[in-house]
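Produce the entire structure from the sequences given, and follow the hints as far as they go.
Protein chains in written order, with the numbering used here: chain C, 53 to 368; chain U, 194 to 699; chain P, 49 to 372.
It is worth saying that the hints were derived from the structure and are not from the lab. One or more hints might be untrue.
[Stated by the list, open to error] Reference listing, derived: stretches of chain P covered by chain U, where coverage requires no fewer than 3 residues with Cβ under 8 Å from a Cβ of chain U:
#1 232 to 245
#2 253 to 259
#3 262 to 274
We treat Cβ as the ideally placed atom computed from N, Cα and C, and that holds for glycine.
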Amino acid sequence: MKRNVLVFVLVVALLTGLVAVPVMANDEKPYIAMIALGYGHQFWQAVRMGAEQAAEEFGVRITFEGPEDETMVDRQVDMLKTALANKPQAIAMAAIDTESVAGILQEAKAEGIVVVGFDAGVGDAESDAKVSTDSVEAGRLAAENAARLLNNEGKIGIIGHSQTTIDAVQRVIGFQEKIAEFPGIQIVDIQYGEGDHLRSAEIAKTMTLAHADIDLIYTSNEGSCVGAYIGLREVGKIRDIMLVGFDSSAAMKDGIRTGEIVGAITQDPVGMGYKTVEAAVKLLNGEQVDSFIDTGCYWYDASNMDADHIAPLLYD
Amino acid sequence: MGNELIQMKDICKSFPGVRAVDNVSYGVRAGEVHALVGENGAGKSTLMKILSGVYTKDSGSIILNNEEVNITNVRDAQALGIVMIHQELNLMNHLTVAENIFFGREAKKKSRIILDSKRQEEETVQMYARLNLDVDPRAKVGRLTVAQRQLVEIVKALTYDSKILIMDEPTASLTSGEVEDLFRVVRALKEDGRAIVYISHKLEELKLISDRITVMRDGQFVATLNTEEASLDAIIQMMVGREVFETKQSPFEDTGAELALKVENLNAGRMVQDVSFHVRRGEILGFAGLVGAGRTETARAIFAGDGYTSGDIYVGGKKVTIKGPRDAIRAGIAYLPEDRRELGLALGMTVDENIPMASMSKFSSFGFIQFAKSAANSEKQRGVLDIRTPSIRQKVKFLSGGNQQKVVLAKWLTRNCDVIIFDEPTKGIDIGAKNEIYKLLNELAEQGKAIIMISSELPEILRVSHRVLVMCEGRITGELVGDEIDQNRIMNFAVKRNHAAGGQVG
Amino acid sequence: MTQTKTLGKRLTGTEFSHKLIIIAVLVLLVVFFYIMNPNYLSYGNIMTILLATCVNGMLALGVSFVIFTGGIDISVGAVMTFSSVMSGVALTRWGFPLPAAILFGILVGGFCGAVSGIGVTKMFLPPFIATMAMQMITKGLSLVVSNMRPIYFTSEPVYQRIATGSFLGISGFHNAIVILIAVTIIAYILFSKTLIGRYSLAIGSNEEAARLSGVNVDRWKIGIYALGGLFAGVGGLIMSSRLGSAQPQLGVGYELEAIAAAVIGGSSLSGGEGSIPGTIIGALIISSLTNGLRIMSVPTELQSAFVGIVLAFAVYFDQMRKKR
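Listed below in structure tokens is the structure:
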């Protein structure tokens, strides 16, 4: 009898110990839930890397998720709701559709949860801070370099990746704004390929046919750029038409190294992830942060891609 | 009796290849049950489908209350107070009695959004009470018996304030007790001043329930009689159009022909209980009984293993295990289902694609179809069975019922099966083609095939079978050979219910 | 109502078969775009259109057989991606020789299809559900297996030449087009000369009748879904060869375009109807239309609307033809 009691007590102690340790560990650290636009793409994995790095440094716990596809608004809303059910101290989010999450985030804020937007961000009213590449600025930077390469004269086609995501739209708007300052340069066509490599390839091919005198194609993300790269190669015009890209990947780096892609804009996704967590931690500690934290963007081409300040921002 | 409430005058309706209704006039008075009789395919149902708006007439007129009316769809008919209670009941099994009755006109609360189930249920109970019946308005229709479902249909019709009710074979699948109940309801409706069209070919019933009887034959009007004055023999004669002489099959010469199929103590659910029988090569075995007696289920248990729980099947003296159609076919059993359009044919495919369907291994090598060989066989079958089609490349859906049946038969002849089970082989086939099918059955038997024919048409059973088995409620209740085979004996066995079998058979 | 009926009757007529209608649609589209921009019919652009048809055409051929049976396969896009990822993994991580890796990828596609088929037949899942499950499973597995990164075939220049080289030695006439033609012929033979085609139509036309005729419906169905998977595998090969990489997040929405091609080509989603030439013409209509609209610089959002309209009308005319 006594032995039974002893065994029982031991088992209970062991079980509570097993359960309690992780629970306590969780409870000690502030919890920041991060929800990205997508998940599979390398860009998000780089953001995640930066965020995890910061989480370790600042001693917070983070979760990082995002829908498989950057159009799944519903899925993202569900992810947000689920994350809130886990009682985070802070939410960091890149919303596919800012409207559809505005209400939920306002409620969260009312409950004292810190809301930080990153990348595409969330609505201004909901966010305590936004950590992002200034996409308009990035578009302008691409346009400046394009104008330089064209010697202020020529025709440009644009292959965008989305007509609904804010930063995708801004990358194109910034580009158009800047190009408008060069009277010798004309934008002759804008098409959207959903960032799908194959679709973007077909678009690039038809563009060269519809506008035989096109000089340069600007693409607004990695999928569009690699797609256009493949398409132009298939019609044998990769050396005749300058291709300007956005972001990076192994394929893009190869293209840039050989000069087939004349250059591209890179953001700093690792820095973005890091600064997002940093901003959230500061806000949780009651410190002031800027309402917009620019994580910067850079032009890179064959000449500078191995430089110390660029190479770490490029990923495979 | 007064004037007729509704009159149909000189109605004609044709379908491709058939004059279904040819210049027929018919009418019903208020407070009258007017029966409409005729053989299958005589045009009764078509005529009533015209009245209820399912079909539109080609010519003729319909007069209601001395005014000509135009009925182009079911809604028109309903608005005029004409409702048909179909053989296949149109109820939703997952909804309750009250929900079914008020379907499409749900009672709503003041808000006009929220449904008022309580009011619906109360009204349902009241409607039933008017017919002196009890009801649980919340019972799911799927759980009700066929008879109860029929009542739901009738009550539903009453809620439309229908003046004219058309009942199509209402007693087809009812027990005798249920038939009594139904008749009580019909009489109540009559007293209420409603006009009732009663389609049936159970002539004995008509004597009990109808006031007048109209006979149709081959789409044409034959006669209208007052029930009191009509004799059953006279009616039958009018239906058939000739002296009723029952051609009988010559008795089977049992010269000890090989047992083609033997079934012992077959059990498959409630509908097949301890069924044992055999059939010899060259013999035509008729399976008689009422609809729902378990004959089709027996055939499906033998052919497809459906519901099989126990029992032994021997083909050509060898015991076989049948789990699915493939086993049966391999053993040499063929099955021509009652519902050939749903179960027997790929309607969208051609004659030449349907005929070899059960024997593709004969017509292919390494998966490649041997078109020439298949076409040669199809042409041969087309000749042998006299399948009337412009080409073997015609899609089966464009053939007539009789020719479709022949295509199914050709499929099994191609497979060269020894035992052929026909389930209602002439259902939906016109009279001329029926005779051809009977001739084919005889020929097949002469060739040494064992034929099992399930049929609900007694004349057909009498005419074709060497021997008759009668089923009732899943059991074989009688066996008749040669001269013993007659209509009365068969009917006796067909209604020999299990509980009654003990003593008090009348 | 009567008016639309007569309109349909007049347009379709007795003699018109569905194939003639869609060939006419294709010709009309081509003529229209040629008038708008003569470059549309340049050799280069014809090749562009054909190349653009390759992936969708391949998926559409595979899904056609499933649609003939009255089923549907919405996993072909994801399975295509998964098989290209698996062949990439086999090549770069497991050190398979190139031909083995390619074959492996295609077989993975066939395997996925077979699993869907087993779900449909043995687990009684509705085809939509079974293949939706397969879509989600392969989508997830593609990301997991690849660590969410593209798998590059840059070390295997031969791999890229599978699709974009030209063993015929005609510039612009890429191997992918040759493969599409070859696979179309194979599909046509399977459809019209073998038991697969006969039984897939029979099952779609009347599954119970096929079963009662002794056809092993389950086995054939599994085989037909597997066949669809194999075609998706070949599609994956062509796509990853063109891209020089297997992109694990690709393939979204490809299944719907493939189904659209089959439907425009005269396949009925309730089964028992359709043809391989129809499907391939359907795929050509979609790619010629998209190509032409792009050349006219029609905004992207309207392009998809136009494809939708063509789809709706293709089916409308077919319904009218059948109603007669």
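- [ ] Could you check the structure against the hints above and give me the numbers of any it violates, in ascending order?
- [x] Violated: none.
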